Amino acid sequence: MADQFDLECRDVVKKFDAFTAVDSVSLTIPKGSFFSILGPSGCGKTTLLRMLAGFQTPTSGDILIKGSSVLGVPPNRRPVNMVFQHLALFPMMNVSENVAYGLKRRGADRATIEKKVSDTLARVGLPDSGPKQISQLSGGQKQRIAIARCLVLEPAVLLLDEPLGALDLKLREHMKVELKQLQHEIGTTFVYITHDQSEALVMSDQVAVMNAGRFEQVGAPQDLYYNPHTAFVAGFVGESNRWKGTVGMTHDDHIVINLPTGGAVLASRKTHPTLAEGQPVDVFVRPEAIAIDGQGETDNAIAAKVDNVLFNGAASSVQVRDKATGHEMTVALPQTGAFANLKSGDLVNLTWGAEQTRCFVAAENQEATA
Amino acid sequence: MTNPASSGTGGAVRFGALLLAMPLLLWLFLLVILPHVDLLLVSLRERISYGKYEFSLINYTEFFVEPLYWNTYIRTAVMSIMATALTLLIGFPVSYYIAKVMRGKGKNVLFLLCLIPFWVSELVRTFGWMILLRESGVISNFLQWAGIADGPVEMLYNDATIMVGLVYTSMLFMVVPLVSVLDSLDDSLIEAGYDLGGNAFTVTRDIVIPHAMPGIASGCIVVFMLTLGNYLTPNLLGGKDSLWFTEQIYTQFITRFNWESGSAFGFLLLVLSSMIVWIGLKLSRQTLSETVS
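Those protein sequence lines, which keep their order, are chains A and B. The opening position of the first sequence corresponds to residue 1 in the working numbering, with each subsequent residue numbered one higher. The opening position of the second sequence corresponds to residue 371 in the working numbering, with each subsequent residue numbered one higher.
Rather than coming from a laboratory, the hints here were simulated on the basis of the structure. Since we're looking at a predicted model, the values are computed, not measured. In this text, a Cβ means the ideal position worked out from N, Cα and C, and glycines have one as well. Keep in mind that the hints are not guaranteed to be accurate.
[As the list claims (entries may be wrong)] Some, not all, of what chain A presents toward chain B, calculated at C-beta under 7 Å: (1) V73; (2) N81; (3) M82; (4) A88; (5) N94; (6) R106; (7) R110; (8) F311; (9) G313.
[To be verified] 20 Å max Cα-Cα, derived SDA-like pairs, lysine to any residue: (10) A/K104 / B/N569; (11) B/K470 / A/H86; (12) B/K470 / A/N76.
Please model the entire structure based on the sequences and the hints provided.
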């Protein structure tokens, strides 16, 4: 059973003195999948990756690669390779020397090295760049060479530590697609850490959302987006309108969430079977779930005034204010351009279905600050 | 904002720049160029009689004819190269430890510990070694007290002691450039080296040393020049037998009052150090401008 997984962590804990950076994380990554660890900075994702690479040892727990424990195996003997955040290409060597470095360390013979290096360079789409110096490469090319340098060693798992962070937006969008494509072609297991949710959602088969050293939820990108298990995931993955409220009356299929400012939001009873009256909750509604002056579900209906129009092409939205309660909300504009002439001061009717409302029981400490 | 240099005040700006550069130009001219020109002229003349001189190469031919002179010359060069190599060999791990292994406060403390001995003059530091190593010194007494030696042990006045003194005196000038160049090496490069299968030896050889090369070159140049031109340490620790070339120059100028010959020797030492530095840079494929930047 165990060898179906390229990588497995069992209750991995890492403590720095009193601070727990990684708190009993368990994960299994099937062979050939693209696994992302998504979390805000300081959530412990880099520490976790460095433990996988072997630069840090877990305080407790076990890490298995292809079914065998690698605790006590130094980084240079582990069948994993890492693409560093700033790529860490060796500036004192040219491109082909960089790619050949790992093979030389393995004692491969000259002919094999030359062949593998040129094959790998061709595979990442830079077949003629061998004699170039690292400083002559563009950002995207460096990226590909850093990946080629690892892939040439045919690792069981390729670890990527936010490698797109240093690129400009356009190139980052492009590299996202390219990375996914590359992973698909070569079939190596990728473990990718990032704080950028769009990178994680676009590229991954599985995403683990990490917060304060723990995995909040592991699942397919669609799962995380449409079916978040915790308030953190709902707030971190994708845009959301967020309120604090208390559970009020519960009906057969609806729950009324009372907001402190006097308004109320309806949620579906089906999706929140355990909520009880009086519980403090965090309420989330996606901006794109709200319809403007529309038909369809009208469980929730609000009359609001437009504060700001945030035009951003297909991802345009408007900031509105609830006329009754003064709540600020963000609403996505339909991509058809139907509301292109909306301007601040306009009055709109907002509606959304009760099943689009997500509630999570608020944690104690959050309640205290509310 | 207008560019002042392009406007009508160009002349004034140029004068201002000249004024700013004046201390440098004065220093270069009065303390570097002028003495060397004079040294060259003095070295190329022969004293015929009182106050009467003629152009001659005799001071240089004398150097090649007398074996003691060029033996000392070669010996000084070889010893200096050895001292430089030893300083590098000891200084590199020390610098690596300070720059890459230590973190936070300990790093500054260690660096300061390297620096502190240089707050006192070279003379005092050399006397420190003499107190330790002389016949009636600390180590000699300890060996006798411990029963290892029967009588007083003289550890001064030999080549090994000179070498110890020279390395000790030069250490800081190797550690400072090495620490700064190793500090600039990104830790992830070292980690990447290990991650791709390298071990401590190959990572040092393929990544750390190539990166540190400008620092190694500048450290070696400074240490070599200081060692070659050192007078105090070889003289005090090596005694009369130290046969250091600077002592020959001193003797010509002060003891024999033969300024012509002393100047020639001084010039030969300048040629020697320039030659060796040039060869060293060529061998390590460094350029002087890369090294000093």
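Now for the hints, and whether the structure bears them out:
1. V73: Given a least distance of 12 Å, the restraint on A/V73 is violated.
2. N81: holds, 6 Å
3. M82: holds, 5 Å
4. A88: Check passed: Cβ of A/A88 comes within 4 Å of chain B, closer than 7 Å.
5. N94: violated, 12 Å
6. R106: Cβ of A/R106 sits 6 Å from chain B, so the hint holds.
7. R110: This hint is violated: A/R110 lies away from chain B, its Cβ roughly 17 Å from the closest one there, beyond 7 Å.
8. F311: violated, 36 Å
9. G313: At 37 Å from the nearest chain B Cβ, A/G313 fails the 7 Å test, so the hint is violated.
10. A/K104 / B/N569: Holds. A/K104 to B/N569 sits at ~12 Å (cutoff 20 Å).
11. B/K470 / A/H86: holds, 18 Å
12. B/K470 / A/N76: With Cα atoms ~19 Å apart, B/K470 and A/N76 stay inside 20 Å; holds.
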